[in-house]
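*Asks:* Could you slot chain B onto chain A? The hints should help.
Number of protein chains: 2
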Amino acid sequence: MKYHINPPLTGERFEVLYRLQGNEVEALAKAKDICIEQTVEFPEDLLPEGDIRDQIIGQIVDFSPCSEDEFLARISYPVEDAGGTLVQFLNVVFGNISIKPGIRVEALDLPESILNLFRGPRLGRDGLRRLLQAPQRPLLCTALKPMGLSTKDLASQAYQFALGGIDIIKDDHGLGNQPFCPYDERVYRCAQAVSDANQKSGFHAIYMPSLNFPSEMLLEKAHLAKEAGVGGFLVAPALIGFDTMRALAENDSLGLPIISHPSFLGSYTIHPSMGISHYALFGQLTRLAGADATIYPNFGGRFSFSKEECTRIVDGCQVPMKHIAPIFPAPGGGMTMDRIPGMLDIYGRDLIVLIGGGLHRQSNDLIKTSRYFRNLVEEI
Amino acid sequence: MKYHINPPLTGERFEVLYRLQGNEVEALAKAKDICIEQTVEFPEDLLPEGDIRDQIIGQIVDFSPCSEDEFLARISYPVEDAGGTLVQFLNVVFGNISIKPGIRVEALDLPESILNLFRGPRLGRDGLRRLLQAPQRPLLCTALKPMGLSTKDLASQAYQFALGGIDIIKDDHGLGNQPFCPYDERVYRCAQAVSDANQKSGFHAIYMPSLNFPSEMLLEKAHLAKEAGVGGFLVAPALIGFDTMRALAENDSLGLPIISHPSFLGSYTIHPSMGISHYALFGQLTRLAGADATIYPNFGGRFSFSKEECTRIVDGCQVPMKHIAPIFPAPGGGMTMDRIPGMLDIYGRDLIVLIGGGLHRQSNDLIKTSRYFRNLVEEI
Numbered sequence: 466m467k468y469h470i471n472p473p474l475t476g477e478r479f480e481v482l483y484r485l486q487g488n489e490v491e492a493l494a495k496a497k498d499i500c501i502e503q504t505v506e507f508p509e510d511l512l513p514e515g516d517i518r519d520q521i522i523g524q525i526v527d528f529s530p531c532s533e534d535e536f537l538a539r540i541s542y543p544v545e546d547a548g549g550t551l552v553q554f555l556n557v558v559f560g561n562i563s564i565k566p567g568i569r570v571e572a573l574d575l576p577e578s579i580l581n582l583f584r585g586p587r588l589g590r591d592g593l594r595r596l597l598q599a600p601q602r603p604l605l606c607t608a609l610k611p612m613g614l615s616t617k618d619l620a621s622q623a624y625q626f627a628l629g630g631i632d633i634i635k636d637d638h639g640l641g642n643q644p645f646c647p648y649d650e651r652v653y654r655c656a657q658a659v660s661d662a663n664q665k666s667g668f669h670a671i672y673m674p675s676l677n678f679p680s681e682m683l684l685e686k687a688h689l690a691k692e693a694g695v696g697g698f699l700v701a702p703a704l705i706g707f708d709t710m711r712a713l714a715e716n717d718s719l720g721l722p723i724i725s726h727p728s729f730l731g732s733y734t735i736h737p738s739m740g741i742s743h744y745a746l747f748g749q750l751t752r753l754a755g756a757d758a759t760i761y762p763n764f765g766g767r768f769s770f771s772k773e774e775c776t777r778i779v780d781g782c783q784v785p786m787k788h789i790a791p792i793f794p795a796p797g798g799g800m801t802m803d804r805i806p807g808m809l810d811i812y813g814r815d816l817i818v819l820i821g822g823g824l825h826r827q828s829n830d831l832i833k834t835s836r837y838f839r840n841l842v843e844e845i
Numbered sequence: 466m467k468y469h470i471n472p473p474l475t476g477e478r479f480e481v482l483y484r485l486q487g488n489e490v491e492a493l494a495k496a497k498d499i500c501i502e503q504t505v506e507f508p509e510d511l512l513p514e515g516d517i518r519d520q521i522i523g524q525i526v527d528f529s530p531c532s533e534d535e536f537l538a539r540i541s542y543p544v545e546d547a548g549g550t551l552v553q554f555l556n557v558v559f560g561n562i563s564i565k566p567g568i569r570v571e572a573l574d575l576p577e578s579i580l581n582l583f584r585g586p587r588l589g590r591d592g593l594r595r596l597l598q599a600p601q602r603p604l605l606c607t608a609l610k611p612m613g614l615s616t617k618d619l620a621s622q623a624y625q626f627a628l629g630g631i632d633i634i635k636d637d638h639g640l641g642n643q644p645f646c647p648y649d650e651r652v653y654r655c656a657q658a659v660s661d662a663n664q665k666s667g668f669h670a671i672y673m674p675s676l677n678f679p680s681e682m683l684l685e686k687a688h689l690a691k692e693a694g695v696g697g698f699l700v701a702p703a704l705i706g707f708d709t710m711r712a713l714a715e716n717d718s719l720g721l722p723i724i725s726h727p728s729f730l731g732s733y734t735i736h737p738s739m740g741i742s743h744y745a746l747f748g749q750l751t752r753l754a755g756a757d758a759t760i761y762p763n764f765g766g767r768f769s770f771s772k773e774e775c776t777r778i779v780d781g782c783q784v785p786m787k788h789i790a791p792i793f794p795a796p797g798g799g800m801t802m803d804r805i806p807g808m809l810d811i812y813g814r815d816l817i818v819l820i821g822g823g824l825h826r827q828s829n830d831l832i833k834t835s836r837y838f839r840n841l842v843e844e845i
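Residue numbers (our numbering), protein chains in the order written: chain A, 466 to 845; chain B, 466 to 845.
The shape of chain A in the complex, shown without the other chains (with noise of 0.2 Å):
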């Protein structure tokens, strides 16, 4: 007898390209594995006849060599098995084979009514510009740093970045709620300085705290810190949880840009031929859980990332997701003002250039480097 689901399967299915390391007979068992795996988790032999095994599991949609000893598979799943959850969406694309060797995901290529489960970016590239008011140009940003500066030093520097001309000043991503520079009173000061500045510059700077805060206490630190002025929020999506950024994302209450962060991230990416690319878990997933922009780091600086990983990323931001906008590459990580030719060059004007430490080398006066830093990017 034939097994019937109830409601029946609507028959839309969304598709993963994973590639797959191993000779063809290898890697054709690891796709024929990750559709029991990622979904049904049951032998294979014992599934009952009818709609389990003709449509819940995985199907292999094709399937073709990329490498000597790599092939690309691509996996479709029913809308259904995502169960309407960016959590048990991403349990179906990586969950359990997360643990097995030699299986990356590449892409998503998603249908509506995946999309539709989700808002996407609340502002955007176009929205984030316009909230800047910056058309055209790249967008510039710095943190506030080092940990173990006060409330009042850091808000200085705020002020001076702001003042300088620099768009979006953000929180190093480890400031937190440390005794030495504590988040309520920081949010208030920092926030009190970019919007003096920008009184006194006419530009319209915005500062964004890190939120790394326990879960009961996100939702209400995040709205202390929108009273006290914030622009919007820094936030690692592994640290709190990709479902997490996206809930703050989709909040209208707050209603604020997001920026994402790569700390605790890089595991998905550090094994070539493992985990998740640059191009889906910088760019697609990030676009799914809400955020407006990026970081990564960038090709050439304290980290790892090659050219051609980082411009994936940036094709990733800017894919044709229907409703869910493009977002901002925000490549960072050791970066410098001699870097920015360069970068324009290769990013074009899509791009929020990010430069930390790297200010504080060129001289003592961060509103002087500011102003230096901005023209720069005007200029080009």
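You may find that some hints are simply not true.
[Claimed, not checked] Here are the simulated BS3-like cross-link-like pairs (lysine-lysine), alpha carbons at most 25 Å apart as the crow flies:
#1 B:Lys686 to A:Lys686
#2 B:Lys772 to A:Lys565
#3 B:Lys565 to A:Lys565
#4 B:Lys565 to B:Lys497
#5 A:Lys467 to B:Lys617
#6 B:Lys565 to A:Lys772
#7 A:Lys565 to A:Lys497
The hints are simulated quantities; they were obtained by calculation from the structure and are not laboratory data.
*Replies:* Here is chain B on its own, set in the frame of chain A:
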């Protein structure tokens, strides 16, 4: 002029043991880099003289070779850097350096002031044994599957498993809120089925649904399940966030045990010289984040963990961490009943034996199979 931090730091520090790839010069450079990258993320030569340089940054406490091209570095950080939260603690332990190659977190050595931030497992080994009235023997666990079954069929499975003597009957980790097995209906039916079976059998089985919900709905759905009579929750910390799992565990109005699932977590352990060790990830961090048991793929199953990695997980489950209770290792992933004697030899009795699909292969009679499973475990 020296920079003084206010309030002054207590001087108390926590330690992380890192394994670093490279020759002595390279590995030492990595260790020094970690001290900066994980704290101030600022050019070292530009740091102000005083407390930041002397205390805020990481300090190499020990540095020694562990193989021809690997070194162990023990690095200490002031407890204040962790900002009093699990989120920021993880940020310091392995935030940005997750993006840098050749660095693996081997172990955490935490003083009371860090451990006191966390409640740890609600029940731990002793509490879970009391709940299940199984003072000494290994515990039995299985999963309701395959995805695609109706709530009625899943509840029927739950009844049979419970009647046969399985202690913990959990949702398969892929069960979310799919239209064919809606969560609200599922938790009522399955909790009721297990309760009915307990009435008949005199056993004390519990049902644990999988909490694959958006942040906004997690607590509501957890409470609904509690009212329905579930005995705990299955939670995947990589999917909902380690800190969100902690919040669920510490929530007194729920007051239920949690089993941690490794979905989406594998990328942290899959590269042998990067990420986080099995010991620290599936053991120490899972305990800090409040799980009472930690599911991971046993050696010799469908996944790739070695016997040594599995025994290191057990070490992490029980290493003394003050009030943070020891938890149960729950090796699974393709286990079958013939593996039980061998598992008990290695793991001893403080173990949850998790067999999912393997139970269905034994026979069509799940009650009989469960009784056989129970007898096997009790007889040893």
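*Asks:* It remains to establish, for every hint, whether it holds in the given structure.
*Replies:* Hints and how they fare:
{"no.": "1", "hint": "B:Lys686 to A:Lys686", "in the structure": "23 Å, holds"}
{"no.": "2", "hint": "B:Lys772 to A:Lys565", "in the structure": "16 Å, holds"}
{"no.": "3", "hint": "B:Lys565 to A:Lys565", "in the structure": "22 Å, holds"}
{"no.": "4", "hint": "B:Lys565 to B:Lys497", "in the structure": "13 Å, holds"}
{"no.": "5", "hint": "A:Lys467 to B:Lys617", "in the structure": "17 Å, holds"}
{"no.": "6", "hint": "B:Lys565 to A:Lys772", "in the structure": "16 Å, holds"}
{"no.": "7", "hint": "A:Lys565 to A:Lys497", "in the structure": "13 Å, holds"}
When the structure is compared with the earlier hints, no violation turns up for any of them.
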